[in-house]
Amino acid sequence: MTATTFQGGRRLITMAGAVGAAGLGLTALGGLADPRQALASYLVAFVFWLGIALGALILLGAFHASKARWPVVLRRFLETIPLTLPLFAVLFIPLALGMRHIFSWVDPSGATGELLHAIEYKRPYLNVPFFLVRAAIYFVVWIAVATLLRRWSVRQDTEGGHRLTAWQRRLGTGALPFLALTLSFASFDWMMSLDPRFYSTMFGIYWFAGSFLACFAVLIIAAAATRADPGQFGHHLNADHVHSLGKFLLAFTAFWAYIAFSQFMLIWIANIPEEIPWYVVRTDSPWGRVGIFLAVAHFAIPFFLLLSRDLKRNPRRLAAVAVWLLVAHFVDLHWVIMPRIHEAGPHFSWLDLTAFVGVGGVALAFLVFRMRGVATMPVRDPYLEESLRYQPQ
Amino acid sequence: MKRYVVAEFAAEAPLLDAARALRADGQTELDLHSPVPLHGSDEALGLKRSIIPRIALVAGLIGAVSGYVMQWYLVGIAWPINVGGRPPHSPPAFIPVTFELGILFAALTIFFGLFKLWGMPRLHHPVFEVEAFRSASVDGLWLSTAVAPEVAEPTAARLRSLGALQVEIVEDAS
Amino acid sequence: MSSKPATAAIALDPLEPVPVLVGRPDDRALTESLVKPLYAPMTRGWKMLVTALAAGMGFWLLSLATTLVVGIGAWGNNIPVAWAFDITTFVWWIGIGHAGTLISAILLLFQQKWRTSINRFAEAMTLFAVAMAGVYPIIHLGRPWFFWWLMPYPSTTQLWPNFKSALPWDVFAISTYATVSFLFWFMGLIPDLATLRDTAPTRLKRTIYGIFAFGWRGSARHWQHYRIGYLLMAGLGTPLVVSVHTIVSFDFAISQLPGWHTTIFPPYFVAGAIFSGFAMVLTLMIPARKVLGIEHVITMKHLDNMAKVVLATGLMVSYGYAMEHFMAWYGGNKYEAFAFLNRWNGPYAAIWYVQLVCNVLVPQLFWFPSMRRNLVVLFVASILVNVGMWIERFTIIAVSLTRDFIPSSWAMYTPTWVDWGLLFGSMCTFGMLFLLFLRFLPVVPIAEVKELRRELDHHDAHAAGQPAHGEGTP
Chain A
0 MTATTFQGGR RLITMAGAVG AAGLGLTALG GLADPRQALA SYLVAFVFWL GIALGALILL
60 GAFHASKARW PVVLRRFLET IPLTLPLFAV LFIPLALGMR HIFSWVDPSG ATGELLHAIE
120 YKRPYLNVPF FLVRAAIYFV VWIAVATLLR RWSVRQDTEG GHRLTAWQRR LGTGALPFLA
180 LTLSFASFDW MMSLDPRFYS TMFGIYWFAG SFLACFAVLI IAAAATRADP GQFGHHLNAD
240 HVHSLGKFLL AFTAFWAYIA FSQFMLIWIA NIPEEIPWYV VRTDSPWGRV GIFLAVAHFA
300 IPFFLLLSRD LKRNPRRLAA VAVWLLVAHF VDLHWVIMPR IHEAGPHFSW LDLTAFVGVG
360 GVALAFLVFR MRGVATMPVR DPYLEESLRY QPQ
Chain B
0 MKRYVVAEFA AEAPLLDAAR ALRADGQTEL DLHSPVPLHG SDEALGLKRS IIPRIALVAG
60 LIGAVSGYVM QWYLVGIAWP INVGGRPPHS PPAFIPVTFE LGILFAALTI FFGLFKLWGM
120 PRLHHPVFEV EAFRSASVDG LWLSTAVAPE VAEPTAARLR SLGALQVEIV EDAS
Chain C
0 MSSKPATAAI ALDPLEPVPV LVGRPDDRAL TESLVKPLYA PMTRGWKMLV TALAAGMGFW
60 LLSLATTLVV GIGAWGNNIP VAWAFDITTF VWWIGIGHAG TLISAILLLF QQKWRTSINR
120 FAEAMTLFAV AMAGVYPIIH LGRPWFFWWL MPYPSTTQLW PNFKSALPWD VFAISTYATV
180 SFLFWFMGLI PDLATLRDTA PTRLKRTIYG IFAFGWRGSA RHWQHYRIGY LLMAGLGTPL
240 VVSVHTIVSF DFAISQLPGW HTTIFPPYFV AGAIFSGFAM VLTLMIPARK VLGIEHVITM
300 KHLDNMAKVV LATGLMVSYG YAMEHFMAWY GGNKYEAFAF LNRWNGPYAA IWYVQLVCNV
360 LVPQLFWFPS MRRNLVVLFV ASILVNVGMW IERFTIIAVS LTRDFIPSSW AMYTPTWVDW
420 GLLFGSMCTF GMLFLLFLRF LPVVPIAEVK ELRRELDHHD AHAAGQPAHG EGTP
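Heads up: the sequence lines are chains A, B and C, in that order. Residue 392 is where the first sequence ends in numbering that gives the first Met the number 0, and the numbering goes up by one at each step. Residue 173 is where the second sequence ends in numbering that gives the first Met the number 0, and the numbering goes up by one at each step. Residue 473 is where the third sequence ends in numbering that gives the first Met the number 0, and the numbering goes up by one at each step.
Careful: at least some of the hints might be erroneous.
[What the hints assert, rightly or not] Below 20 Å or equal to it, Euclidean Cα-Cα: the simulated EDC-like pairs (lysine to aspartate or glutamate) are: (1) C:Lys112 <-> A:Asp239; (2) C:Lys333 <-> A:Glu119; (3) C:Lys112 <-> A:Glu119.
[Claimed, not checked] Reference excerpt, derived from the structure (chain B facing chain C, CB under 7 Å, subset only): (4) Pro34; (5) Trp78; (6) Pro79; (7) Asn81; (8) Pro125; (9) Ser136; (10) Asp138.
[Claimed, not checked] Residues from chain C shown here face chain B by an in silico Cβ test under 10 Å; the list is partial: (11) Arg27; (12) Glu31; (13) Phe145; (14) Trp147; (15) Ser164; (16) Thr194; (17) Arg196; (18) Pro200; (19) Trp222; (20) Phe249; (21) Tyr334; (22) Ala336; (23) Val375; (24) Ala446; (25) Arg453.
Calculated directly from the structure, the hints in this document are not laboratory data. Backbone N, C-alpha and C define an ideal beta-carbon position, used for all residues, glycine too.
Work the whole structure out from these sequences, hints included.
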């Protein structure tokens, strides 16, 4: 077993941290000039990167719940991703401070008609104190689960045995219902309530589907990036591990398309006045072209590419598709959030870029920082040996 | 009239070794029979990758495209009736049937394509003439090879030398 | 850790106390134990059960005949409750069918070893459930003898089905599902039919099994295509099974009726389908494995895992209820809010509470390992879940319809004896088909269990630190 305690990554932390800080700083500067645009761009970046951390936490819980053995080799990396959640709790502060700029229900003085009616009706749920309390609850649940799972896993590195595996499985399984509920309500609060008139019971699953897919994309990219480093998990993955990750990427590409299509088709075909305006803005304007782009780029192209067995077993080409999917996922969230402030059509702002790089940079730096000081794989997990020689029939 | 030489082996390793040996001898109509698929048999017999995935993909695409075009023509052009204010050509409403027909075509193609590749149904095959061959679907490991009549005896001897438990020669009556 | 002896390494894994296969029987012993029930003489119990179910089937046929002769008026349906027992039972049966495809296809793709021993059983259940389901939409047509009008064929009237409605989608979804399920099931059967051909005691049985084995001779050239074809069918079956219940949910969700139109329906219906399907597999499996003497192949491990799936999907269904209720309030649509209040305190509130107990509370038992391994609890809970899922569809379909937008058009729904006959009769017919299956076809996929045993051997060898391919050693 060549997995060692990870002490490297110093350069990556410095670089990513510097780029991230610069991005956040520029976004803040932009926010002085145009707080609405800056906060909307920041929200897209925030839910993009946070979604990956939550997707990783849910995936970790699902692996524990299903007692999966093959992913043990990559589990240490997977369980470190959600450790960035405390960072996201801090990064939530700008949103909390500037929420009146993008959440129209905070200050309904300009609202009229249906919008005003919806805001008044939903006041018991959509009000600032309750919104903040809910956000606090979400982060407490997420951070508690992420911290405990990882703590027990690291403790097993010295203690060994089966006891800690059993604990992790119990917590990982039992946490799933709570993660599902908090993730759904977070998506209602932070994205759906941007338009207080709109509602869709599917919305939580929609955010989950894209984020879960993005989480697999990140795992694949990380595996490809660390392939040459014998101390890292990427080096120990065999072709079958990569193939399995590729299959999950394919499955959740299809799952995202299924959820996105079902939500769109049901609202489009029923054509109910409360629901349809949300999609009218996103399809009957130049935003519609972005929607078609998503159907092609977020589903059709990656789906047909991923059907190839050879591609799924080739770490580098698979990673290329994963990068593509991350871009598509970003466009997806942009398409969900941005029409709130740009109803007429897509509008690119340099703040989109700075916010994306800013949140991503500091999250990456924080992730690598949290990887330091512990082994890169769960070295004494009872199933690590089995995972390393994973070879399905 | 070809002859089938049919031999039973005690374990997988000698069976696969025998197959490799006969293939090295230049035998082409070589086959193995076992109750479960064997690891390494594709390599031992030098089989190429199955074409099933490719024909299934093509059939699925044909099914999906024809399904979509059918709906477009029938309710978009031939009988454009307005129900619920949906436009005659309503892509979102056509997706479900398009999808189902893609799956249906692919599945039918796989199933019947397999039978075509297997050359089945073929209820009477010379190897069934060997009474002991019944074990091939229970626990027996068998090798069969079709050869010219004059090579049958030498092949049988070769198989015995390769460790076969029993060897029989059957005439191909077909 | 590689120095432990093999037995210790297997027995000492405290996290996997129950094996997926009891012992390591060799191929011949496995075959014999699995084909034995097919060649044994019919037992008295089996004959009595068949007779009883035949009576129930007679009731079903009588109800069907009444429907055909009298028409839909023989049912309790009315306006506004145009869909009631018929469509409820249709959705229920289709949902039950989903477990088979899930076990045989999705769990195969997930490389779950425990699916091997139960997939044939579950797939047969799928086929019979889909056959039952298919009856209801057809008899509900009013003039069922014109059912082919649903297909797009060139007719003299030059009319075509309306592809912008969910009902023609159903036709394609259900018929594709029935076809593909059958092909997949039959593909899995071919090697076993050859085994039956080669082991059957009488010439008649040998001939019949032989015809359906189509000349399978276990050829390596055939296995190569077979394996890839089987995996591909599983790959197709996975999105198919999701699409089928999705399209069934579209029947309701594309409408504007409160209680029917909500975007979460597709995944929520699929989860509910798997929920009830696994419950049905448990209901049938618990007695069948005992009677057939195959408890060494279908072990407590299988039942335990199925209980976990019931718990997981039950939680998803509960999540669906929660989202529906939250949005019924949050959406601010008065009719939608009323539809949900009506469930809690309307005229059908009693069955709503039964539904909540069966679908939300009962599965929570399966958090506890002792409950998952208690046959009585499993059996009773599985039946309750099936009851709960039938009620769920009734609540969604009929209870929503009884309270329309305009109070003047409200009406209650009361089933007639024909409705009850169609429901219970279909269960008897299903049971009858199932008994025939148990009698004439191997319940456990023999070839696949042999493969499973090889995999387990392989795994044990590794755990004991021995080389992977030990075969051929003296």
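Right, here's what the structure says about each hint:
Restraint check: the Cα-Cα separation between lysine 112 of chain C and aspartate 239 of chain A comes to about 17 Å, which is no more than 20 Å; the hinted pair holds. A hinted pair counts as satisfied when its Cα atoms are at most 20 Å apart, and lysine 333 of chain C with glutamate 119 of chain A qualifies at roughly 15 Å. The hinted pair formed by lysine 112 of chain C and glutamate 119 of chain A fails the criterion: a straight-line CA distance of about 55 Å is larger than 20 Å. The closest approach between the C-beta of proline 34 of chain B and any C-beta of chain C is roughly 6 Å, which is under the 7 Å cut-off, so the hint is satisfied.
Annotation: tryptophan 78 of chain B was flagged as interfacial toward chain C, and the flag holds, the nearest CB pair being 5 Å apart, inside 7 Å. Interface restraint check: proline 79 of chain B against chain C, minimum CB-CB distance 10 Å, threshold 7 Å, status violated. Restraint check, asparagine 81 of chain B versus chain C: the minimum CB separation of about 9 Å is more than 7 Å; hint violated. For proline 125 of chain B, the suggested interface contact is broken, since its CB lies about 10 Å from the closest CB of chain C, more than 7 Å.
Because the smallest distance between the Cβ of serine 136 of chain B and any Cβ of chain C comes to about 4 Å, under 7 Å, the interface hint for this residue holds. Below 7 Å, beta-carbon pairs count as interface contacts, and aspartate 138 of chain B has one with chain C at about 3 Å; its hint therefore holds. Interface restraint check: arginine 27 of chain C against chain B, minimum CB-CB distance 5 Å, threshold 10 Å, status holds. Because the smallest distance between the Cβ of glutamate 31 of chain C and any Cβ of chain B comes to about 9 Å, under 10 Å, the interface hint for this residue holds.
Checking phenylalanine 145 of chain C against chain B by beta carbon gives a least distance of about 18 Å; that is not within 10 Å, so the hint is violated. The closest approach between the C-beta of tryptophan 147 of chain C and any C-beta of chain B is roughly 16 Å, which is over the 10 Å cut-off, so the hint fails. Using the Cβ-Cβ criterion of 10 Å, the hint placing serine 164 of chain C at the interface with chain B is satisfied: the shortest such distance is roughly 7 Å. A hinted interface residue such as threonine 194 of chain C counts as satisfied when its beta carbon comes closer than 10 Å to some beta carbon of chain B; here the least separation is about 4 Å, so the hint holds.
Taken as an interface hint, arginine 196 of chain C checks out: its beta carbon lies about 7 Å from the nearest beta carbon of chain B, inside 10 Å. At a threshold of 10 Å, the smallest CB-CB gap from proline 200 of chain C to chain B is about 13 Å, leaving the interface hint violated. For tryptophan 222 of chain C, the suggested interface contact is upheld, since its CB lies about 4 Å from the closest CB of chain B, less than 10 Å. Hint on phenylalanine 249 of chain C holds. Least Cβ distance to chain B is approximately 7 Å, under the 10 Å limit.
Below 10 Å, beta-carbon pairs count as interface contacts, and tyrosine 334 of chain C has none with chain B, the closest being about 18 Å; its hint is therefore violated. Interface restraint check: alanine 336 of chain C against chain B, minimum CB-CB distance 24 Å, threshold 10 Å, status violated. The interface hint given for valine 375 of chain C is violated, since its Cβ lies 37 Å from the closest Cβ of chain B, which is over the 10 Å cut-off. Interface hint status for alanine 446 of chain C: upheld, as the beta-carbon distance to the closest one in chain B is roughly 6 Å, under 10 Å.
Checking arginine 453 of chain C against chain B by beta carbon gives a least distance of about 7 Å; that is within 10 Å, so the hint holds.
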